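Engineer: Here's the letter readout for the chains.
Protein chains: 2
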Amino acid sequence: MKVSELGEFGLIDLLSGIVYQAQDKETAAWQELILGMGDDAAAWRGDTSIQLATLDSLVQGVHFTLETTSWEELGWKAMAVNLSDIAAMGGLPCYALVSLSLPGNTEVEDVTALYRGMIKLGQQFEVAIIGGNMSSSPLVSIDIVVLGSTGSEEYILTRSAAKVGEEIAVTGYLGASAAGLEMLTKNLSFTAEAAAGLKKAFLQPYPRIVEGRMLVEHGVRSAIDISDGLLSDLRHICQASKVGARVEINRVPVQPAVKDNFGDRALELALSGGEDYELLFTASSEVIDRVRKAVSCPVTVIGEVTGKAGEITLVDGKGNPVDLPETGWEHFTGK
Amino acid sequence: MKVSELGEFGLIDLLSGIVYQAQDKETAAWQELILGMGDDAAAWRGDTSIQLATLDSLVQGVHFTLETTSWEELGWKAMAVNLSDIAAMGGLPCYALVSLSLPGNTEVEDVTALYRGMIKLGQQFEVAIIGGNMSSSPLVSIDIVVLGSTGSEEYILTRSAAKVGEEIAVTGYLGASAAGLEMLTKNLSFTAEAAAGLKKAFLQPYPRIVEGRMLVEHGVRSAIDISDGLLSDLRHICQASKVGARVEINRVPVQPAVKDNFGDRALELALSGGEDYELLFTASSEVIDRVRKAVSCPVTVIGEVTGKAGEITLVDGKGNPVDLPETGWEHFTGK
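Quick note, the sequences are listed as chains A and B, same order.
The letter at position 290 of the first sequence is residue 302 when you use the numbering used here, and the numbering goes up by one with no holes.
The letter at position 163 of the second sequence is residue 175 when you use the numbering used here, and the numbering goes up by one with no holes.
Calculated from the structure, these hints are not laboratory results.
Take these hints with a grain of salt, some might be off.
Said to hold, decoys possible - Cross-link-like lysine-lysine pairs, in silico, DSS-like; alpha carbons within 25 Å at most:
id, chain 1, residue 1, chain 2, residue 2
1, B, Lys254, B, Lys271
2, B, Lys254, B, Lys320
3, A, Lys305, A, Lys320
4, B, Lys175, B, Lys271
5, B, Lys37, A, Lys132
6, B, Lys271, A, Lys132
7, B, Lys132, A, Lys37
8, B, Lys198, B, Lys271
9, A, Lys14, B, Lys132
10, A, Lys254, A, Lys211
11, B, Lys330, B, Lys320
12, B, Lys132, B, Lys211
None of the values given here were measured: they were computed from a predicted structure.
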C-alpha cells in the first residue's frame, strides 16, 4: 500500500503502534513519559517540572512557495508553527534547534533574513536558538524543534481530556490564513486593510502562548492548535478523547475580512482552512467564562462535546443538521 | 554572495553570530545555557543534571540514495548520526523525535522498515521515540532530534577544551565508511568479509555512547565525533580550542580492509573520508591510558595538540611534513 492511500493520520497511527509495541516499558525514558506520539508535543517528567518537545517542518512546494513568502516571513512562520504546538500544551517555550536544508545557490542574505524572522518571533517569548544543522538539498526545508515546560502534570493541555457535556470554544477568528493563501496564489484584490490582515494571518501567525498558559491556569485540560483546520483538529480531539462533537456553524467566529470577501465560501474556509493557529479547547461554561475574562482575544463557544464517540455533527441556527464539508488538510492525500 | 561560496561552516559561523548578537542575555534560557550553536550538541543546566539536545538530518540524494541503502538501514543510520552527537558530548541519550518528509507514493512497508531501523538502534541505548512530524515532499528527508543528559557541568566533552601538549587520540578504525560508500557506488568487489565490513561501516555505524561516557569519567574534556572526516573534525576542535595539531600519519588507524583494498588511497580515506562516527579526543597520556583500559575498542594516539592556533600539520614516520589532503566533507561547496 502507498502512503497516499493510508494517509498522514493513518500512517502516524500505524507508526505509533509499532513504536509502542517495541518499547521496553521498564526503561527510565518510558517510565517518565507522560505523552508520546499523537499529541501536539511530547511531555515527560523532568526533575521539578514537566518537559515538552515538539518538532515540525516547512517544506518548499508543500507548505510554502518563495513566490509569495519572503525569507523573513518564512523564518517567522517556521518558528510560529512550533511555538503554537507548545501553546497547545499550555507550556512555555525555552529553546529551539533549527535544521535547515537548502540549495547551494541560495543567497546568504536570504538565509540571514530567515534567521531574523525566527529570532524576531522567538524573542517575544524569550526563546533562545541553541543549535541545529545545515545541509545542502535541492529544495528548502526547515525543521525546528522547540523545547519547553509546564509546571506540573495537572497543568497541561492534551487532546485526550475532553469530557462529554463540556463546551467547545476557540480563541480569535478563523479562516483568515486559508483566505490569505488563496488571495496570494490567485492574486485576488481586496481593500488594503483586508489584504494586509489576510496576508499577515497566513504568513505571520502569532502563537497563542499567553492564552495557552491562561487556559491551563483557569482549569482547561483539553486543547489543540488549529493547524489542519477546525473540523480536522476537532476530530483529533474527539478521537483522542473518545467523544463526539456538535458544532453550531452560525457561532463559528469567521474572520471579518473573510466574511466580507469570500461570500458563501467564508464558512468553509473557517471550518476547514487550517493554519489559523488559534486554540481549540473544551471546558465547562464556568471555566470558559474565567478564561474569557483573563485573555485579551475573543473566546467563542461554538458547540459542545457529546457522547457519540468520533461523530462530529454540524447544525444550523435552528438546530438542523447540515452537511459536513471536507475536513481539512492531510498530507499525502492532500485533502 | 551564494551559500556555496561562503560554505557550510562559514554560514554556521555567520548565523551563530547573528543569533548571539540578537540574544537577550538576561533571559532564563540564556542564563542556563552552557553550549549553544557550534558544538556537537547544545547543553544547558536542568534542575539536577545537564541537558543535551542535537538535531541532524539525512537528505535523499545528498546523504543517501535508496539504490544502495535499504529503508531499515536508513532508519538505523539516521538514528546513529544523532546518537553519535550525544556520544561526542559524553552524554546518555533518552528521547528522540522524528520529522519525516516523503513522497505520497512511498510504500507504507518501507516507512515501517525505516522505523524498525531507528527503533532497533534506539533500543540498544534505551532511547524512546516520543513524537515528531510527518510531511509530504518530493524527496525523502529524515530529521531526528535526540535529547539526553550528563551528570554535571564537569562531565561534558566539548570541542573547545583541547589544551596544548595533550595527545590526540581516536577510537576504533578510520576510512571504512567512505570506502564502503565508494564500494557501493562504484560496484567494487572485495572478499565477502571485507565487503560486509565496509558496507556495515557506511550503512550501520555504531555510535560510541559507551565510550563517550568512559571518556568523561576518566577525565577527557575535549572530543568530537568524526562525521565530516578526521582532519576536518580535528580542525573544528583546533578552531574552537584556539590550538593547533600535529598528526603522525603513520599512526592513523586505517581500517584493515581499507588498507588491504584501497592501496595509496587508504590513508586519504582515513584522513578525509568522514562518517566513521568514531570519537576524536585530546587528553594527557595518563588519561588516555586509563581510557584504553576502560573501553573495549582500540584507542590510538595519532598526534599532539600544539600552540600554533588553527594550524594542522601532518608528518611522516621521520617527522617530516607531508602535504595536507582535502579536508573532508562540507555542504554547499561539496568539498
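Engineer: Take the hints in turn and mark each one as holding or not.
Structural biologist: Structure-based check of all given hints:
With a C-alpha separation of about 33 Å, the suggested pair lysine 254 of chain B and lysine 271 of chain B falls outside the 25 Å cut-off, and the hint is violated. For the proposed pair lysine 254 of chain B and lysine 320 of chain B, the alpha carbon gap of about 8 Å is at most 25 Å, so the pair holds. The straight-line distance between the Cα atoms of lysine 305 of chain A and lysine 320 of chain A is roughly 31 Å, outside the 25 Å bound, and the hint therefore fails. Our distance criterion of 25 Å between C-alpha atoms is broken by lysine 175 of chain B and lysine 271 of chain B, whose separation comes to about 32 Å.
Among the hinted pairs, lysine 37 of chain B with lysine 132 of chain A is consistent with the structure: their alpha-carbon atoms are about 15 Å apart, no more than 25 Å. At most 25 Å may separate the alpha-carbon atoms for a hinted pair to count; lysine 271 of chain B and lysine 132 of chain A exceed this at roughly 52 Å. A distance of roughly 15 Å separates the Cα atoms of lysine 132 of chain B and lysine 37 of chain A; the hinted pair therefore holds under the 25 Å criterion. For the given pair, lysine 198 of chain B sits about 18 Å from lysine 271 of chain B by alpha-carbon distance, which is consistent with the 25 Å threshold.
Between lysine 14 of chain A and lysine 132 of chain B the CA atoms are separated by roughly 24 Å; this keeps the pair inside 25 Å, and the hint holds. Distance check on the hinted pair: lysine 254 of chain A and lysine 211 of chain A sit about 36 Å apart at the alpha-carbon level, beyond 25 Å; violated. Proximity of lysine 330 of chain B to lysine 320 of chain B is assessed by CA-CA distance (about 21 Å); at most 25 Å being required, the pair is judged to hold. For the suggested pair lysine 132 of chain B and lysine 211 of chain B, the alpha carbons sit about 18 Å apart, so the restraint of at most 25 Å is met.
Comparing the model with each numbered hint stated earlier shows that hints 1, 3, 4, 6, 10 do not hold.
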